[in-house]
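Undergrad: Generate coordinates for the entire structure from the input sequences, incorporating the hints supplied.
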Amino acid sequence: MNTNLKISNVTKIYPGCIANDNVSLEFSSGKIYALLGENGAGKSTLVKILSGVIIPDEGKIYLNENNLKLNSPLDAKKNDIGMVFQHFNLFETLSVFENLIIDSDEQRESLREKIDTTMRKYNFSIDLDIPVLNLSAGQKQKVEIIRCLIRSPKVLIMDEPTSVLTEQETSELFLSLKKFSEEGILIIYITHKLKEVMQLCDEVAVMRRGKLVSVSQIKNENIESLANKMVGQNLKTIKKKISKTSSDQLIKITNLNFTSEDPFETNLVDINFSVNRGECLGIAGISGNGQSELFQVLSGEIISEKRSIEFNNNYIGDLNPQDRREYLMAFSPEDRLEQAAIPQMAIFENVALNNFKSSNFFNNGLINENKIKEHSKKIISDFNVNTDNIELKSQFLSGGNLQKLIIGRELITSPDLLICFNPTWGLDVGAINYIHETLIKINEQNKSIILISTDTDELLKLSDKISVIHKGKLSKIMNAEEVTSEKLGILMGGGN
Amino acid sequence: MIVDINFIGLIIASIMASAVPLILASCGELITERSGVLNLGVEGMMIIGAISGFALMTVTGSLIIAVFGAMLAGVLISTIFAFLTQTLITNHVATGLALTIFGIGISAMIGKNFVGIPGKEFPVLFEGLKDTMPLISPILFGHSIVFYFAFALPFITSYFLKKTKIGLIVRAVGDSPESASNQGINVRLVRYACILYGGAMCGLAGAYLSMIYTPQWIENMTGGRGWIALALVVFSTWNPIKILIGAMIFGGLTIIQFHMQAIGVRIPVQFLTALPYIVTIIVLVVISRDSRKIRLSTPSSLGKSFHKDN
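Each protein sequence line maps, in turn, to chains A and B.
This note's numbering puts the first sequence at residues 1 to 496.
This note's numbering puts the second sequence at residues 1001 to 1310.
Just so you know, these hints were derived from the structure itself, not from any lab.
Just so it is clear, CB atoms sit at the ideal spot from N, CA and C, and this is done for glycine as well.
One or more of the hints may lead you astray.
As the list claims (entries may be wrong) - If you anchor each label on the Cβ, the simulated ranges turn out as follows:
(1) Asp388/A to Glu1178/B: 51 to 57 Å
(2) Ile1106/B to Ser359/A: 56 to 62 Å
(3) Thr1214/B to Pro343/A: 50 to 56 Å
(4) Val1093/B to Ser8/A: 23 to 29 Å
(5) Lys1165/B to Lys179/A: 29 to 35 Å
(6) Ser485/A to Glu1178/B: 29 to 35 Å
TA: Rendered as structure tokens:
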């Protein structure tokens, strides 16, 4: 049976932003469609409209010529539209089975049988009776997919499904999606990763700033052409400098351990590594394997044994972030709006938070506003932050601009070591390029970087040496030239 | 001194009786909190239940009308809370505190005309069996229907949460209202229902105090039991069976310290009075040490407003 889904002139306006501007698209079953766009391009809004979470201001949706009224997620479900959200819609404290039965009208036994059949058919294996919070991200996604499949959907929408998966899990997912497509399910795949579009999809629709900019066959496209359509301008490609060998050791971590009292944090076990001047050490891993704890231990948010961290020939394991900064370390945490900056405070106030003894931001306990503002203006112009209002609250900066501000704030004091955690997470291609260029520049100035990231491509592009963190343990440190993304994927999954 | 074995039975029965209002209010509040709503108005809802029950009994003469009227009064006052926190999205903590202050004030006002009026005798069940077995009979028989209901309630609540579809939905809403809403569950409706149910149970707890436990109206007669009930919910880590244990320990120590004061034990009265609070909390903290289980039974969205945006 053929399924035909038509989006006709859909518009959704939020105050100050047109999320979807008169979008029309048509899909039919048997193919896998990509919906491509940067963050904020409006693709998530569009699929939320398809799944009934958001009600459009204008426009109609047709499924097999029937005009659908999608006023709630329930309506989408009734019309056989299944959606797997980017942020999982699961109940962490309920068991897998409870998660699946909650929106099902079936009896326990018959549902269990149906789930078992579905899992066997697609080679999924998940314990139905453990709480969801014990599952890995890949398993959670499978639960979401099973939830859709047991309702025999006509349409399956996947919103950025690979952002939390390993390489292996991603290829498994792609195999399953191809199988679903062969069985006649219409698949819409939302992503900003070009490689995946080329690998998986048959047709691609590109969105930019709420508008549909192109619809084309994959066979007529390549990564560069899609990138240019997505960004709307030609992008230059960045290359890492050829690394020079340096033996001047800057930081050395020795037998660092961290045992958390929170059972849902990861313990760090026997971390040992060192970074030389001018080097970038990349730390790969699937999120939740101890990266956040490692960052906190390195930055001093979590204090450890004094002698476990040696920086510039000083033992600093017991110092807090402020004191570590005085030794010329700098930090860019993962959560830009919660950890790195205070959303309700102005740009210049956020700059002042990074207070050094030498910065003279305060005189006898009073704020030296002129000095801070001068300093902030310098950061904004040096680091390309797209605003001229330093009194703007930092929550109103876009992710890219905020990240530039934070990196700028950290780098303007020319630290010896920058530790950053997912510095380009959720940014658009332009901002990512800028951050990458900046990081490469730091290395060229003989300064060092520890880059903790879940983005393998980023790590391969920027690092001189790479290690993988898995369940709180670091793998041996490898030279970046010897590493491939496949190899990283195996290590990230706990293999050898 | 000869200790009559029936006397021990009577002491245990009186401990259980004093635990009844705590169990009722806690089990009600537990359902409310499991849906993610923190209602600090338990004390206020209880005292409203107490005055409503007593007033209706005096005015109508009907115990049935009085008991159900008290529950209805609890529902009505909790509707105010539900409307404010769920429809107008006010802060749970501030609204709950206001509810308690409001309840205490309005009950004192209504109660003025009922001070000093004697209560009515509440019928008890199985009175004939009271002398059949030593020790056990006084514990098991000769209590009001509310008493039996209260001791069944933790088990019913536990079954409801674990085994029924609606219980599952309540837990799901408390765990993640966003996910629940995306699954097509009407979060606001579920939370309204849970708040109103909590109100009914608190109303019943209040009615038990003014109609059965000490059948009379005294201003502020709940005497902080609402706060204890709230604490029981948290320290029991949202587990109805542990609420039962906690309420029994609290009730038990309250009764025993009265007897100790009466005998004239040389311990400062203030310490004895504080004892039940301290011991109950210590015991519940000790039996709820498993952090994995805490994580699994704590409603993650507790006290957070849910606002569905379009």
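Undergrad: If a hint holds in the structure, say so; if it doesn't, say that too.
TA: Structure-based check of each hint:
1. Asp388/A to Glu1178/B: 51 to 57 Å: Given a distance of about 36 Å, which is not inside 51 to 57 Å, the answer is violated.
2. Ile1106/B to Ser359/A: 56 to 62 Å: Given range 56 to 62 Å: holds, Cβ gap about 58 Å.
3. Thr1214/B to Pro343/A: 50 to 56 Å: Holds: the Cβ-Cβ distance is about 53 Å, inside 50 to 56 Å.
4. Val1093/B to Ser8/A: 23 to 29 Å: violated (47 Å)
5. Lys1165/B to Lys179/A: 29 to 35 Å: holds (32 Å)
6. Ser485/A to Glu1178/B: 29 to 35 Å: holds (33 Å)
The structure fails to meet hints 1 and 4 from the earlier list, while all remaining hints are met.
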